[in-house]
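Engineer: Sequence:
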Amino acid sequence: MQQNTELKINQLLVGNEKKTALLTLHGYIDSNTSIALKDKLLSLGGEIHRFVLDFSGIEYVSSAGWGVILARIKENREKGGDIVFAKMMKNVYSIYELLELNKVIKYFADAEEGLRYFGSLPSPSVVEVQKVKATEEKIEEPPKRFTIEGAICSLVNKNPLLNSSQIKKILQGPPYAFKHLNIFKVYFTLRRMGLHTREKRLYFAWQEAKKQIKG
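Just so we're aligned, residue 2 is where the sequence shown starts under the numbering used here, counting upward by one.
Just so you know, not all the hints are guaranteed correct.
No farther apart than 30 Å at their CA atoms in a straight line, the calculated lysine-lysine pairs in the DSS-like style are these [claimed, not checked]:
1) Lys159 / Lys9
2) Lys211 / Lys201
3) Lys20 / Lys41
4) Lys75 / Lys91
5) Lys104 / Lys211
6) Lys39 / Lys80
7) Lys201 / Lys104
8) Lys211 / Lys169
9) Lys180 / Lys211
10) Lys39 / Lys211
11) Lys212 / Lys39
12) Lys201 / Lys169
13) Lys91 / Lys170
14) Lys104 / Lys212
15) Lys107 / Lys91
16) Lys41 / Lys19
17) Lys159 / Lys41
18) Lys159 / Lys212
19) Lys80 / Lys41
20) Lys169 / Lys107
21) Lys159 / Lys186
Listed next, with one range per pair, are the computed distances between beta-carbon atoms [as the list claims (entries may be wrong)]:
22) Lys104 / Lys186: 24 to 32 Å
23) Leu162 / Gly47: 30 to 38 Å
24) Val105 / Lys201: 20 to 28 Å
25) Ile149 / Asn92: 23 to 31 Å
26) Arg193 / Leu43: 36 to 44 Å
27) Gly174 / Asn92: 15 to 23 Å
28) Gly58 / Gly174: 30 to 38 Å
29) Arg78 / Glu18: 16 to 24 Å
30) Glu114 / Pro175: 37 to 45 Å
31) Tyr94 / Gly195: 40 to 48 Å
Just so you know, the hints here were simulated from the structure itself, not pulled from any lab data. Glycine included, C-beta positions come from ideal geometry on N, C-alpha and C.
Whole structure, please, built from the sequences with the hints as guidance.
Structural biologist: Given below as structure tokens:
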């Protein structure tokens with residue numbers, strides 16, 4: 002999987018009082034780009050407490066991304082607002098269900114349904130559009146030395162849907178540079194770590210996400 006370090010956020014303020022924000026997201030929400038989403042939610046949080054997050058352009062959300070959103074929900078609800086999701090890709094929705102976030106955060110098939118939930122349907126006379134330029138965050142420099150086990154843990158935590166071949170390809174490139182790595186080494190390392198099936202990798206990522214949420 003090619004690493005993507007960009008998250009684009011398009012913002013619509015909806016309703017006569019402009020008290021509902023529709024954030025249309027594009028890219029990846031990981032430990033780096035989630036900072037941009039956190040900043041956006043905080044910057045609007047003084048006046049706006051109702052958010053619809055349109056995930057139609059989001060290809061992946063890490064545990065850090067889910068954590069940022071969950072951290073903002075409590076405060077929004079205390080102020081009479083909420084955060085809801087709309088229009089996820091299949092792989093993102095499967096993680097949303099796996100983490101049982103569907104018991105905490107409402108999901109709608111499209112953004113219009115989410116806006117209707119808040120009683121704020123958009124129309125040309127009441128919508129204020131503010132386009133936010135793409136926020137690019139560089140990936141932090143990794144440690145100069147790390148083990149294959151540590152690298153695999155990091156990759157599986159970020160994207161548990163990667164298979165053995167995809168993990169091998171990523172580990173062979175920068176910043177890991179395990180150039181002489183073969184598929185058998187990857188498979189037997191995953192097996193030794195108890196991560197040799199997709200279900201086990203999903204469970205591992207789920208456990209890591211729960212730790213971060215609790216923390």
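Engineer: Look at each hint and say if it fits the structure.
Structural biologist: Verification of the hints:
{"no.": "1", "hint": "Lys159 / Lys9", "in the structure": "19 Å, holds"}
{"no.": "2", "hint": "Lys211 / Lys201", "in the structure": "15 Å, holds"}
{"no.": "3", "hint": "Lys20 / Lys41", "in the structure": "15 Å, holds"}
{"no.": "4", "hint": "Lys75 / Lys91", "in the structure": "27 Å, holds"}
{"no.": "5", "hint": "Lys104 / Lys211", "in the structure": "14 Å, holds"}
{"no.": "6", "hint": "Lys39 / Lys80", "in the structure": "18 Å, holds"}
{"no.": "7", "hint": "Lys201 / Lys104", "in the structure": "22 Å, holds"}
{"no.": "8", "hint": "Lys211 / Lys169", "in the structure": "27 Å, holds"}
{"no.": "9", "hint": "Lys180 / Lys211", "in the structure": "34 Å, violated"}
{"no.": "10", "hint": "Lys39 / Lys211", "in the structure": "19 Å, holds"}
{"no.": "11", "hint": "Lys212 / Lys39", "in the structure": "19 Å, holds"}
{"no.": "12", "hint": "Lys201 / Lys169", "in the structure": "18 Å, holds"}
{"no.": "13", "hint": "Lys91 / Lys170", "in the structure": "24 Å, holds"}
{"no.": "14", "hint": "Lys104 / Lys212", "in the structure": "18 Å, holds"}
{"no.": "15", "hint": "Lys107 / Lys91", "in the structure": "16 Å, holds"}
{"no.": "16", "hint": "Lys41 / Lys19", "in the structure": "16 Å, holds"}
{"no.": "17", "hint": "Lys159 / Lys41", "in the structure": "22 Å, holds"}
{"no.": "18", "hint": "Lys159 / Lys212", "in the structure": "14 Å, holds"}
{"no.": "19", "hint": "Lys80 / Lys41", "in the structure": "18 Å, holds"}
{"no.": "20", "hint": "Lys169 / Lys107", "in the structure": "37 Å, violated"}
{"no.": "21", "hint": "Lys159 / Lys186", "in the structure": "21 Å, holds"}
{"no.": "22", "hint": "Lys104 / Lys186: 24 to 32 Å", "in the structure": "39 Å, violated"}
{"no.": "23", "hint": "Leu162 / Gly47: 30 to 38 Å", "in the structure": "37 Å, holds"}
{"no.": "24", "hint": "Val105 / Lys201: 20 to 28 Å", "in the structure": "24 Å, holds"}
{"no.": "25", "hint": "Ile149 / Asn92: 23 to 31 Å", "in the structure": "25 Å, holds"}
{"no.": "26", "hint": "Arg193 / Leu43: 36 to 44 Å", "in the structure": "42 Å, holds"}
{"no.": "27", "hint": "Gly174 / Asn92: 15 to 23 Å", "in the structure": "22 Å, holds"}
{"no.": "28", "hint": "Gly58 / Gly174: 30 to 38 Å", "in the structure": "25 Å, violated"}
{"no.": "29", "hint": "Arg78 / Glu18: 16 to 24 Å", "in the structure": "19 Å, holds"}
{"no.": "30", "hint": "Glu114 / Pro175: 37 to 45 Å", "in the structure": "42 Å, holds"}
{"no.": "31", "hint": "Tyr94 / Gly195: 40 to 48 Å", "in the structure": "26 Å, violated"}
Consistency with the previously given hints fails for numbers 9, 20, 22, 28 and 31, ordered from lowest to highest.
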